[in-house]
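*Asks:* Given next are the chains, with one letter for each unit.
There are 2 protein chains.
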Amino acid sequence: MSPNAQDRPDFFVRHRELLEQSVAATQGRGYWTPYPESPSTSVYGERTPAHGEAAFTGHIGRPFELPGHPGTGVVPATEVSPYGFPLGITYPRVAPDEAVAAARSATGPWRDAGPDTRAGVAAEILARLNAASFEIAHAVQHTTGQAFIMAFQAGGPHAQDRGLEAVAYAWAEQKRHPASARWSKPQRKGGPLALDKKFTPVGRGVALLVACNTFPTWNGYPGLFASLVTGNPVVVKPHQGAVLPLAITVRIARAVLTEAGFSPDLVILAAEGPGERTAAELATHPDVRIVDFTGSTAFGDWLETNARQAQVYTEKAGLNTVVIDSTDDYQGLLGNLAFSLALYSGQMCTTPQNFLVPRSGFATDDGVKTADDFATDLCAALDKLLADPQRAAGTLGAIVNDGVRERLAEATAVGRTVRPSTSVAHPGHPAADIRTPLVALLDADADAEVYTREWFGPVSFVIGTDSTEQSLRIFRDTAARHGALTAAVHSTSENVLSEAEQSALQAGVHLSENLTGGVFVNQSAAFSDFHGSAANPAASATLSDPAFVTGRFATLQSRRPAPAEESTHV
Amino acid sequence: MSPNAQDRPDFFVRHRELLEQSVAATQGRGYWTPYPESPSTSVYGERTPAHGEAAFTGHIGRPFELPGHPGTGVVPATEVSPYGFPLGITYPRVAPDEAVAAARSATGPWRDAGPDTRAGVAAEILARLNAASFEIAHAVQHTTGQAFIMAFQAGGPHAQDRGLEAVAYAWAEQKRHPASARWSKPQRKGGPLALDKKFTPVGRGVALLVACNTFPTWNGYPGLFASLVTGNPVVVKPHQGAVLPLAITVRIARAVLTEAGFSPDLVILAAEGPGERTAAELATHPDVRIVDFTGSTAFGDWLETNARQAQVYTEKAGLNTVVIDSTDDYQGLLGNLAFSLALYSGQMCTTPQNFLVPRSGFATDDGVKTADDFATDLCAALDKLLADPQRAAGTLGAIVNDGVRERLAEATAVGRTVRPSTSVAHPGHPAADIRTPLVALLDADADAEVYTREWFGPVSFVIGTDSTEQSLRIFRDTAARHGALTAAVHSTSENVLSEAEQSALQAGVHLSENLTGGVFVNQSAAFSDFHGSAANPAASATLSDPAFVTGRFATLQSRRPAPAEESTHV
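Chains A and B are the protein sequences, given in the same order.
Each number in the working numbering corresponds to the 1-based position in the first sequence with 115 added.
Each number in the working numbering corresponds to the 1-based position in the second sequence with 115 added.
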């Protein structure tokens, strides 16, 4: 079935320069991306947007085909667009045991192919994912509820960036040691003792990707590509609400693997029907040796406790915090934070939840502002940002699931609501449930039980504190205990910024300082920003760094005496 | 108490070249060592051996002093030399909570010092350990039962090599990312968006080293130095039978830390009295975030299951296997394997246990040899090697504890004993319990229950198989299921060697091929040989590789807008 070896495309040769640039970018940590984030036709071509939309529309109401995929039958449709219609797509059904067995049996030639070949195949998969960005954007929009532009950027090029970043780390780490070396130890008498040694990176075993509902590709690609490039087959278990973006990904990966002469079963889709719970079964399968998970703290903790046979990488939930001490650009601060809250209606793991503000006020270029003033002004900034319905619909998102709706209802009863969440009509999708952020005022001492929980969704709290000192203490304590994926501080004082940096180091959280312009705390750029950290409970891994890839493979060694004629003449 | 900052020695400047050479050596993987393995006076100085012995003798029967060490009182003496006398040394007593609290409170300035300073301090500690190699050698001999030369080499320079190797990986991994970077993203209109970013490696928390009885320094230094250099304080919990080598190490580390202006409590000795069991209590302390352990599979598995708050690195037990298919140097093969069994009376985690040999025989330059023939010839080679009592005492070791004696007694009852274990008198230590290896003949099919257990100590089995094919299958299955730290193969066929290499990759074990000269399967040279592998159950880590250090720290980031005048002119 597969073409002859000599006819196969050499994807490593094709992408070698890109891979080298990627590795350099992870080391330089400046701005770099090979995948344009603009969905402009001048970048992606005149007919590409229409083709992508047609490809997406073609999936609706039909079985999704994965030629040669293991298993039998189909799982019933589970996806409903948050913009108000069922996708009605069925997927191939494969039992957990079958999926793991098929993945495992595909491993041998993939291991023997070595890191260069594997990185080349991965880069080709990413190139084709990039070409499919419009199809994927529609799939992401109608599974996550993201507005189209965000679905395109975060679900397409930015996710591809994060995938390539993982490829770069995985490739570079496997090449830290030479493929072979001569060891030659001088002896007091006669020639040296000499051995020839071989070093082979070997994957840990079958990898499982348990993906999330809100960012199936952005959060999924790093684990998928890190495992694949380090020699492991990957079973992809999508969230029931967001299968299509990963099904498209699996289809592309399988096609490239086949062209390169490998078994397509190195990437398997393990979709599940309504009410099925296969993630736990897959994650504790004895042959599953790597698990990547993004989602709830409860299931993340369960995996860390129970998937003992595997290396487990989790991104869970946390209390994203903003400490406000002072500013010389109050309007910039308000506008920047309002956008951070509005984006995708607060359904990002990086959206700020807790704003710690001195009750008695903080200095600004517009005079002293109390916590009350700040809450009022932040809400006004939100109102202004969202005044135009078209623009609001393009910034906010549709509510992804009932869990978010329930938390939003619950949040109306805590503290003092300064701004209620309101509904916004989408011009093209009247049935979409799009909401604006709710902002409530709390007290640092009285309301600790409220703000030390995560309220995933468009819910944020302005929390009055005694002082910036108390704010920093609460930030350190809550982040260290409950975790955080982002933190921010605003201050005109270098001393306070330095204390905030020390607090962030102690709490184990990445920190953004004085963002008042076009960069937002919830944004994280591949190749420059680290996303998440094992240093606090919100995650057990960083996207991406060497620790994210080194546990996925071992370097095994063999050694034998060097040929005698050489070893005696050194 | 500590000297002024300007008077402090700059250990990084002093050792920078050594550190750079070390990193280069980990990458080249040829022969390299900065610490001479010869205990010759021409290397270490005329009076150094006598000074070292006097230092050791000075410890006997006295309290071991660690100035300023936390805790109160002393723990009673627990150490008895396997060469036949009690050491009678008491050590400072510190409760687990006290030890962890003291270590934790020393962390801040150590974190802020950065990787260069930390690596410099570690290199200075190693330099002083090297200067104390004779004192340490006597301490290792009289706690482990190793003969003096081996105690000197494995406990001194080779352990220091492994320590420096861990320093090199820890230092290099922390410097993979720049300390700061400018991110500058072009915009369609106006100047770029620009942020200045800082990247800071931060240790995970308090590290615990649970050391073993047989190689307290060789197996202990990698974790100790990897944790320390990545910013973590270390609590050293020695085995009750082998405290002194690590107490000397802790004393030297604390002195260097103090000279460098840091708290000595970055390295704490947590000795325990007879019958106390503090390792489990320390390992599950919520502030202990890293555990390194060498020892039994039972306690290693317990740690992996229960020390959930920590990153756990274990080296446990396994079934070290030799597959014999054919040879063109039968005498070389026998001599090499006999030495491997005799060294330290088989009490190495790397000593071969299972020899898989075709029952019907294998080809040699001396004709076909059956499994029976081979067992007889191997025993004859052992008899020849150990014929001279002086030489035998210098090669073998004293039995380290009753567990080994009990297994040796039990082994007389399994299979057919081809060579019983015998006692050897030590000229200088008449009370030493020195034993020669026992060799028994087993059958691959009938005796699987016997040879799929680990028999740590001077016990090895020649196991008759149907064929090399069966031998390789048993090797793969037993190593994959029960683990192995070493494996070896002898064959004149490139096909068989290639199959053995594939089997070793599948089993996840490092392989030695056709060793017939002066290199032995149980030897593992730092900077060139990987020791252990997370790819099989005998260990969860390799000494050393990037995976051994990357889990010990996180790189945390802060970012802020770049100054306006610069960001608009890029």
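Hints are not guaranteed to be accurate.
Intra- or inter-copy, both count: the list cannot distinguish identical chains.
To be verified - Computed cross-link-like contacts, DMTMM-like style, restricted to lysine to aspartate or glutamate with a CA-CA straight-line distance of at most 25 Å:
| id | residue 1 | residue 2 |
| --- | --- | --- |
| 1 | LYS290 | GLU132 |
| 2 | LYS290 | ASP125 |
| 3 | LYS304 | ASP562 |
| 4 | LYS290 | GLU135 |
| 5 | LYS304 | GLU161 |
| 6 | LYS290 | ASP517 |
| 7 | LYS290 | GLU616 |
| 8 | LYS313 | GLU614 |
| 9 | LYS290 | GLU419 |
| 10 | LYS304 | GLU521 |
| 11 | LYS304 | GLU152 |
| 12 | LYS499 | ASP125 |
| 13 | LYS304 | GLU135 |
| 14 | LYS313 | GLU616 |
| 15 | LYS313 | ASP227 |
Keep in mind that the hints were calculated from the coordinates and are not lab data.
Just so it is clear, the structure is predicted and the values come from calculations on it, not from any experiment.
*Asks:* Next step is simple, just say for each hint if it's right about the structure.
*Replies:* Now for the hints, and whether the structure bears them out:
When the C-alpha separation of LYS290 and GLU132 is checked against a cutoff of 25 Å, the pair qualifies both within a copy, at 16 Å, and between copies, at 24 Å. For a Cα distance limit of 25 Å, the shortest separation of LYS290 from ASP125 inside one copy, 19 Å, qualifies, whereas the shortest one across copies, 33 Å, does not. Taking CA atoms no more than 25 Å apart as the test, LYS304 paired with ASP562 passes in neither setting, with 78 Å inside one copy and 45 Å between copies. For the homomeric pair LYS290 and GLU135, the shortest alpha-carbon distances inside one copy (12 Å) and between copies (19 Å) are both at most 25 Å.
With identical chains, the CA atoms of LYS304 and GLU161 are at most 25 Å apart between copies only, with a shortest distance of 23 Å across copies and 75 Å within one. Neither within a single protomer nor between protomers do LYS290 and ASP517 lie at most 25 Å apart by alpha-carbon distance, with minima of 46 Å and 45 Å respectively. In the homo-oligomer, the alpha carbons of LYS290 and GLU616 lie at most 25 Å apart only across protomers (20 Å), although the nearest pairing inside one protomer, at 34 Å, exceeds that limit. Taking the closest pair of Cα atoms, LYS313 and GLU614 come within 25 Å of each other only across two copies (15 Å); inside a single copy the shortest separation is 49 Å, beyond that limit.
For a Cα distance limit of 25 Å, the shortest separation of LYS290 from GLU419 qualifies neither inside one copy, at 29 Å, nor across copies, at 29 Å. In this assembly of identical chains, the alpha carbons of LYS304 and GLU521 never lie at most 25 Å apart, being 81 Å within a copy and 42 Å across copies at closest. Taking the shortest alpha-carbon separations for LYS304 and GLU152, only the inter-copy value of 16 Å comes in at or below 25 Å, while the best intra-copy value is 66 Å. Proximity of LYS499 and ASP125 under a CA criterion of 25 Å is satisfied in neither setting, with 53 Å inside one chain copy and 57 Å between copies.
Taking identical chains as interchangeable, the C-alpha atoms of LYS304 and GLU135 are never at most 25 Å apart, the minima being 46 Å within one chain and 30 Å between chains. In this assembly of identical chains, the alpha carbons of LYS313 and GLU616 lie at most 25 Å apart only when taken from different copies (10 Å versus 45 Å within one copy). Proximity of LYS313 and ASP227 under a CA criterion of 25 Å is satisfied intra-copy only: 13 Å inside one chain copy versus 39 Å between copies.
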